[in-house]
Amino acid sequence: MLEQQLVNGVVLGATYALFALGFTLMFGVMGVINLTYGVYFAVGAFAALWSTQALGLPIAAALPLGALIAGVIAVAIDTLLLTRLRKAKAPELASLMVTLGATLFLYAGMAASLGTEIRRFPAAVFDGGAYDLGAVRIGTTQILIFGAAVALVVALMALVRGSRLGLAIRAVAENPDAAALMGINGGLMLRVVSFLSGAIGGAAGVLVGLNFNAIQPFMGEHMMLRGFAVIIVGGLGDLRGALAAGLLLGFAEVLTAAYVSSTFKDLTAFALLVATLWFRPLGLFGRAAAKRA
Amino acid sequence: MNALLQVEGLRLGYGRADVVHGIDLTVPRGRIVSLIGSNGAGKTTILRGLSGLMKPRGGHIRWGQDGADLAGEAAHRIARRGIVQVPEGRQVFANMTVAENLRLGAYHAPGAEAARRQEAVVARFPRLGERLSQQAGYLSGGEQQMLAMGRALMAEPVLLLLDEPSMGLAPLIVEEIFAIIAALRTEGRTILLVEQNASAALAIADDAYVLETGRIRLKGPAAEVARNPEVTAAYLGL
Ligand SMILES: Nc1ncnc2c1ncn2[C@@H]1O[C@H](COP(=O)(O)OP(=O)(O)O)[C@@H](O)[C@H]1O
Ligand SMILES: [Mg+2]
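Listed in order, the protein sequences are those of chains A and R. Read the first sequence against our numbering and you will find it ends at 1544, with the numbers running on by one and no gaps. Read the second sequence against our numbering and you will find it ends at 1119, with the numbers running on by one and no gaps.
What the hints contain is simulated information worked out from the structure, not anything from laboratory work. Heads up, some of the hints might be wrong.
Stated by the list, open to error - Cβ-to-Cβ under 8 Å is the rule here; a few derived chain A residues that face chain R:
(1) 1418
(2) 1419
(3) 1421
(4) 1425
(5) 1426
(6) 1428
(7) 1431
(8) 1432
(9) 1434
(10) 1435
(11) 1436
Think of the CB as a built atom: it goes at the ideal place given N, C-alpha and C, for glycine as much as any other residue.
Go ahead and model the full structure; you've got the sequences and the hints to work with.
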């Protein structure tokens, strides 16, 4: 059943790549590792769950709504927690600790208000059936997950690499003072990036929640461990590296679960992480940044 | 006199220490004003204060016809008013191409307008034209200085603030840079030029100010300042 596992690997890998892209974008532009990113993942999943259950929305509407809510919360949290630290040019460790504290607080709050039992999407969400292609079975949900992940990845890459807004975002990431001298509003760009990465994280949460049909507050925490693996393997702040590493991790996990043991699945990410740091400390595609003159 | 920029009592500092102690300075429209002074006098600090990268601790920065006070305004807003700084050490976007750097200079202009301006900049700096798709971090120091100036010109600045454009460059390149500054003056651009290279800066300027440890020590027409015995002794090495 290798073919089936490969299909499952592609689908899971696409969601991991999406998750990693949002995380890398946030890290690459803000320059701080924002641990609250995992919260947006869970928030997106819960918001989509709520809109399918309480509002009866189809998943095609619940996905963007979940992403939107996660994005708005990301902007609010970034503004609340990090704006002052950025202004004071606080050391990275201070920002990291603040986001760690906020993350613990938010997970505890979600666990207290939402409960920790695993929730599932209504059965109607998965009504689409499946296609049999020889030995391989592909569910419409899997097609939706894969299609949405790919579309979002393509859209985000086009925005960051190919648009004027993306140019400004990269300028702020590289040299905020020089960007300000070009008339670029750095604070606004940081908010745009917060929103984009929060929304991407939220969308990834919806898709991963769909893939395993399991949603609970700490799903983001488990995912963050993978997020770290992916940004280390892909190279810090490298969007294309995050994509490749996300896909790789998805494959590796699916194959491990299928051919070794599903209890070993969670080890895969760390095996990859450690092996990368061991052999290629700058990541798979890691290059030293061009020297700044 | 048609003052484009009028600075009154500007104070700036880092941490607890004041570094610029209430300076007055006027930049008339269409002129080159040079601000000279030795290393650490506070020249860069003043430019950063004018462009909004540092918040003034006191004083006023009056701008344009209506004399709007820019002290405390955000840097990106000041840039949009047409005050564009070429920072010390060039500060090009090293990971981006020459073309992307230039596009960022005209960030607020539509694409077609930016393309038109890029043609003009490339005509002025042909070397940039040959390297449009090259990563800026790999340019030579002189090319990076040209890119930093070209990027600033992409904004069609009303006032250009140049911070030591000759720093660390070979004499031939310095000549080239100063020739371009002179050409900009002929075209009617207004420039505030900060330099340690006092002889070149005084030769090109209309007015000059001499800064010493955060205070204006001397000011006047550049030719007069250049003849001042203290200046010839301390800055011109004569
Ligand atoms: N980031 C900074 N933090 C603290 N002091 C600074 C900083 N930058 C410059 N200074 C101090 O301010 C004074 C003026 O520096 P600067 O404006 O760079 O001088 P100049 O450009 O004339 O060489 C110097 O004494 C310098 O040590
Ligand atoms: Mg200086």
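Hint check:
{"no.": "1", "hint": "1418", "result": "holds, 6 Å"}
{"no.": "2", "hint": "1419", "result": "holds, 6 Å"}
{"no.": "3", "hint": "1421", "result": "holds, 7 Å"}
{"no.": "4", "hint": "1425", "result": "holds, 5 Å"}
{"no.": "5", "hint": "1426", "result": "holds, 6 Å"}
{"no.": "6", "hint": "1428", "result": "holds, 6 Å"}
{"no.": "7", "hint": "1431", "result": "holds, 4 Å"}
{"no.": "8", "hint": "1432", "result": "holds, 5 Å"}
{"no.": "9", "hint": "1434", "result": "holds, 4 Å"}
{"no.": "10", "hint": "1435", "result": "holds, 6 Å"}
{"no.": "11", "hint": "1436", "result": "holds, 5 Å"}
In this structure, none of the earlier numbered hints is contradicted; all agree with it.
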